[in-house]
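Q: Sequences are here, hints too, so could you generate the full structure?
The opening residue of the sequence shown carries number 51 in this note's numbering; numbering runs sequentially from there.
Any given hint could be a false lead.
Claimed, not checked - Computed cross-link-like contacts, DSS-like style, restricted to lysine-lysine with a CA-CA straight-line distance of at most 30 Å:
hint, residue 1, residue 2
1, Lys181, Lys191
2, Lys208, Lys245
3, Lys195, Lys59
4, Lys248, Lys195
Derived from the structure by calculation, the hints contain no laboratory data.
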Amino acid sequence: MAKLLQDAKDFVSKYFKTEDTSNLTYHNFYHTQERLKITEDVIKDVKLSEDEALVLQLAIAFSAVGYVNNYHNPFEGSKKVINSFFKGTNVDKSIKEATLNCFDALLTQKPNTKVEEYVLDVYYHDYGKKKYLKYSSLLRKEIEKVSDETMSESKWLKHLLDALTSHKYFSDYGRDEWQGRKYKNTASIVNSQVKLSKTESKEKLKAHYKVKYKNESPERSIQTLYRVALRNHIKLSDIADTKANILLSVNAIIISLVLANLISKLNDPDSRFLILPTIVFTVFCIASMVMSIKATQPNVTRGEFTEKDLKNKNVNLAFFGNFHKMELDKYQNAFSKLITNKDDVYNTLTKDLYFLGSVLDSKYRLLRYTYFVFMGGIIISVITFALAFIFRDTITL
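A: Printed below as a string of structure tokens:
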């Protein structure tokens with residue numbers, strides 16, 4: 051009997067090692083070993099015949115192997131695996147039948163013999179263990195892996211509660227050892243459900259009022275509008291400055307090349323026909339540079355305001371040009387009065403947006419003229435150079 055039991059344990063160990071058990075974080079060989087230890091404690095404390103003890107240990111040893119290849123009907127899977135083990139042994143037919151009946155009892159939850167009662171109680175002994183709620187997280191992980199679906203906390207707690215409330219221990223040993231702790235675990239799950247329900251209710255209420263507030267108050271939309279509009283204006287201003295700097299750099303390079311290569315040759319009588327086109331070209335380049343500088347030139351204001359300006363709301367406190375010469379205390383007082391009134395704040399932002407738009411209009415209009423001057427200057431200069439080369443023999447300076 052001892053050899054048969056050891057062969058069964060070796061068979062189960064090998065089975066778990068050779069098969070793919072990566073998803074089984076709970077129903078694995080480690081859990082089977084734990085149940086076998088509990089089984090040994092039961093055999094020591096209760097009166098069982100040698101055959102009954104063997105049947106109990108065989109049933110527990112093979113109780114989890116069915117989860118490997120038949121997760122949704124594990125006890126039928128366990129019967130198939132243990133039958134394949136029995137084929138290589140000469141175990142009595144009565145022991146085989148008694149062991150197989152244990153899996154039927156696990157499936158129906160209706161034990162017909164004392165041994166079957168112990169099998170069910172040992173199999174579900176962890177319901178009455180102190181660390182059950184902690185170890186049950188391994189079962190949750192296993193179920194999520196197998197089903198490829200994440201369980202919510204409320205769904206998981208319901209799953210545990212359903213399992214514990216629908217279960218009962220059949221033997222006196224099971225009731226004495228694990229029943230009391232199972233009641234405590236059940237109470238802990240109920241408490242967790244209550245806490246979770248309160249938390250979810252608060253979150254739902256919070257979300258409800260958040261949505262209601264957003265729908266009833268346009269504050270956030272207004273702030274977003276100002277933020278986006280101001281950001282776009284500033285970005286457009288940067289683009290205008292960049293374009294002006296490009297024109298400035300290009301014209302500076304062109305003038306440098308003209309001064310370096312053409313001016314020195316104009317004293318040559320044979321090259322004097324280039325004087326007029328060179329002057330035209332240089333004038334247009336300088337005009338483009340001046341206009342580019344003008345487009346990026348900051349407009350400095352007086353930098354102060356009066357109480358009358360503030361009272362009549364004719365001053366934009368968000369623009370530095372209106373207060374850079376003011377004393378700090380006066381500006382702080384004016385700004386404190388401004389932020390106490392929401393409408394005044396919006397008026398200030400609107401003015402800031404408007405004046406930024408006015409500056410942009412001036413920049414882009416001047417920049418547009420600058421491009422026209424630059425483009426026209428290039429065309430006229432090329433034509434002038436071409437005519438100078440064509441009529442160079444008739445030009446006298």
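Q: Kindly indicate which numbered hints from before are broken by the structure, ordering the numbers from low to high.
A: Failing hints: none at all.
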